[in-house]
Every structure is written in C-alpha cells, then in structure tokens.
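One-letter residues, chain by chain:
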Amino acid sequence: MKTPSLILSLSLAVAGCSTTQEPASSGPATPFGSLGAMTTNIGDGLYTVSAGGARTVFLVGDEGVLVGDPISTPAAEQILGEIRKVTNKPIRYVVYSHSHWDHIRGGQVFKEEGAEIWSQENCLAHIYRNPNPEVAYPDRSYTQKQVLDVGNATVELLYHGPNHSDCSTHMYFPNHKIVHIVDTVQPYAVSGAGGRMNDSYPKLFVDSLQMLEDEVPFERMIPGHGGPIAPRDAVINRRKYQQALLDAVKAEIDKGTPFGKIPDAVSLPKFKDLRGYDQYLAANAQRILIYYTIGW
Amino acid sequence: MRHLVQFILAVTLCTAVTPASAQDVYERKPPYMSIFGLRGYKTIEVEPGLYTFRYGGFRNIFVVTDDGVIATDPINPTAAAVMREEIAKITNQPVKYLVYSHWHWDHVLGGQIFKDDGATFVSHEKCVDHFTFNPHADLVMPDETFSSNHEIKLGGTTLELLYFGPNHSDCNVVMRVKGSKVLFVNDLVTPYYTGFGTMPDYDPGGLRDTLAEMGKLGAERLIGGHGVPIAPASQITEQYAFLNTMLTGVKQALDARTPRSEILASIDLSAYEHLEGMEDQLPRFMERILFYHTMGW
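These protein sequences, in sequence, are chains Y and C. Per this note's numbering, numbering through the first sequence is continuous, rising by one, with the last residue being 296. Per this note's numbering, numbering through the second sequence is continuous, rising by one, with the last residue being 297.
Pulled out of the complex, with its shape left as it was, chain Y reads as follows (with noise of 0.2 Å):
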C-alpha cells in the first residue's frame, strides 16, 4: 500500500462490492482489509492471486503470461512481484473483468511490461466516458467470444449478456475446466454493494447464468472477491437465488403489497443460509421492485 487514501478506497470498494466488510479470505487480515498479495497456485500454470481487496488470476503459458485484472496500481505491483516468483515470460495480456473501478485501476503496470489490454466492447464506454488516470484504456475488445492463446495456455474470453455489468467476460480455462467470474457470483452470498447493485440487470442475470451454464463445461469458479475457488454448485445457488428473489417481488406486487412494505415482506428460506442473507435480503428486494418499476 502506497498511501493512506488507497487503502481507504480500497477498503471502500471491497465493502461496495463483496457482500460484507471482512477481509478478503486469504492474504493478511487488517482494519483496511486484505494486504499484501496471496497466491494460489491451482495447477498447470493457473494461479490465482488475492490483492488489494479484490482476486485476479494469471496464466503462464510457454511464450507468456496473461493476467485478468490488475486491481489497483499497488496490487497489482504486488500481483507482478507474484508472477515474477513463478516465471520471467512476458506479460501478453491483461483482461479487464468489467468496467468497476475496484477491479481495473493499475493496468499501466502491465502495459509497461508489454502487455496487450482486453476488455467486453461495451466496457469502452463506461471506461471513456469515467475516466480514471489509474484505469488503462483497452488496447483491443471483443464482442461475444475471444480466445487468447499464451503458448499452450489458452483463456476463453465469453460474454454472456448483461448480469451484474453489461460488459462482463467470464474467463474459461479450459485446460482446468475452470471460470473467472468476478462479482457476478459471490459463492453462496447474496447481491452485494450494500445489497442494491445500481448498475446491474437483474432479469438477465439469470439468462446470462444459464448460458454460462449451458455453454461452458466448467467444474470450478474463481470469484472476484474472497475465495479462493468454488464449485459449480456456487454458479447454480447464484442463480437459483436470483430467480427466486424475482419471483417473490413478483408476487408480492401481484398480491396487491404496498410498495413501500414488499422489501421487507419478502422471505427466501430456502437461502437463509447464504451469507449476508439476514443484512441484505430487504435491500436485494428492493432493487428488484426497482425494476419491476422501471425496466431496469
């Protein structure tokens, strides 16, 4: 950590994005949350690596390595120490995860390595229009699939529709039939950023799920926060909890409720156990009315 106000903004953006104010899992727990980097190693040149309040991956292949996201400009030295650990390879790619501030600060790191950055196409706009002097613009986009090939290490950039950005990819390996899915899924957690994700879709968030789940073989998932790795289990509950959350707004609506009384009217039992359940349902409700009242 370089300055005092990073830290607070990145404990900020840990608390906006996972579902409560713990430090992430792994990695040094403080007031301000995770420091310093914690790798993984899952195998067959796959790392994943928790820094600054946020989780990212690498790959190392056999001309280089490629890198999700790069967080913030001090994780993601911390992240570029860790690979250096494993290999000297080039840095070929980084891939934004989406457009969130808490996850894309710090991509001039790698740049300055050579690297190439990618991002979802609709991630340009929100990029260009917020501009961030941390936050690299991508150097290329893709639209709906993008393989990116270090050297017999390949990565699957997929888009899958608007879930909880509209420019979200969700990172295949399929060498480890493993997915990157930052926010979006938080293992068995309900929707975070105080429970009232502004810019997310709630109704294609379950499509975009099903797709993922439809399309992609994968066993495992390496989430954005927290983690290290979850099963696909995790992807399932997500969105199971999702569509059920949908349908009892709905049928609260349905059954003539007072607006102002259907957030805390809803109940899911069923999820009780997911964590941040008890703090956040009301408000999960609440952003669902939203968009049964607005489309949005």
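Because the hints were derived from the structure by calculation, they are not lab data. Keep in mind that this is a model prediction, so the values were computed, not measured. Using N, Cα and C, we set each Cβ at its ideal position, and we do this for glycine too. Incorrect hints may have been included.
Unchecked claim - A few chain Y residues facing chain C, derived, Cβ under 8 Å:
#	residue
1	M38
2	W101
3	D102
4	K111
5	N122
6	H126
7	Y137
8	R196
9	T293
10	I294
11	G295
Said to hold, decoys possible - Just a sample of chain Y residues kept apart from chain C, beta carbon distances all over 12 Å, derived:
#	residue
12	K240
13	A251
14	A283
Assemble chain C onto chain Y, guided by the hints.
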C-alpha cells in the same frame, strides 16, 4: 384566439380541467403532500394550450393545437385511458404525437390507445436500446427517433425536445413549447425531493452537468414527473446545489478517510432539510454517490 375559446369552453363545460391558479405554482412543498402518495388524477392548464395531467404520483404534459395534440408519457394503460378522456374534454383533435421523456416503465407504458388513434411515437434514440433490451407488453415502440435536440411542429406550435446526455437515464429529454418559459423536466428535477435513493442507470456527474445547462434556459417555471403541479425554476438551482453538495461532500469525506458510516454526517445538508426523502432516501443516495466515486458508474 381559438386557444382562448377552447380554454373558456373547457372551463365552462368541465370542471375536471382547471386553469393554473396561483396556488398551483408551489413555492415550497406543502407539508401534507407526499410526492408519491397522491391519489386520483387531475388536469391543469398551465398556460394556453399547455396542460399537465397527473395520475396518482405520476405527471406528464400535453400540448393542444388547432391541428392535433402532442401528448407525452402515457404512464400506464389505466392512466392513459383517463388521460385520453381528459384530452377529449378539451379538444376534438386526436393525439398526433406521443413523446417519451425517457425510457423508464413507470412513465412510458400504456401508449397503445394513442397508437390505435394513429399517433406517431417519438423518443430519443437511446431509449430504443432499452426498450429492445427490456421488452414490456404494454410498451409501444417509437416510430421516430432523434440523437440530439429535436422539434415537433404541429398546428403552429413547436415542442422542443432538448437532450443533454446521460443524467437520470441516458435518453431523458427536457420539453419546452417554443417561446414558453415553462419546462417539462420529468425525473431530472422532482421539485422538493432528494431524488430516489436507488437509481440504477443514474449518472450523478451527468445529472449535475445537465442541471447546470438547464439553469441557462431562462425558464421561469417547471413541471416535474412527480409531485407538485408547477414549481419555480429556482428548483433547478436548488437541485443542482443539493447534488453538488452530495458529490463534493462524499468526495471530500473519501479523501479525508472518513469511515463510511460517518460520511453522511460529515456533509452539511442544513440547507436541504425541507426536501422530501431526507430521512428515507438519503442514506441510499449517499451510497450511490459513494459508488460513483469509487467504482466509476
């Protein structure tokens, strides 16, 4: 002159449509009035040919000309049917145009009865993306779109549609009858309200820029999409000041490493205590500004 005749006829024949009186211009929000708690419906003539129709907590405008009516947001099928009756009390002319102020479902559903009458539907082009993405059975798709400012001319009257970029949504327009000093500002300014705390496609910085531009239009009065019928244009200035206070206050609190739970208390909002929503919407409003500053949306 024909406006005047229509006006007198309307007043004489039908007491449901009333001309604006001094008490329809609200210099402040009456303490008994809850912005979303209004019931029933009411049509008021704001100035000759310009009407505002409220159904429950939702409000629009329509413009009556010698050659037809320009209606706006149909709100929902029930409201649209009532509005059609209200218009028929004023004029025999059909609705020729129906203009969407933006794309949110709470304002734009129920246009089919006007479509059946032959109305041409108009919106900013970016609304179409949302309508396509989020289809709704009660929504009529626009026939005509535009990308920047636009004018609708009918019967010697021009309705200006002014586009300022992303703000409350990315396809809101301000409407003004050319030559009038009254603006229809649906959801860009809701008079005497903090704004709703949970606003998905809301761009706080963009709205601040839009309010600054709206302040330069030389308007004297405005009509919002919710709440009081008519408010003074000073509501634009107040909303700008409130939003700017929130944006700069949250930023300063972040820079000063203020704990999240103390950010709201660190901002001096004493000038805005009269706004509805200060108790129930403000914490979420603050959270929204916080995410804007920390996540970039």
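Flag every earlier hint the structure violates by its number, smallest first. The structure breaks hints 1, 4, 5, 7 and 14; every other hint is satisfied.
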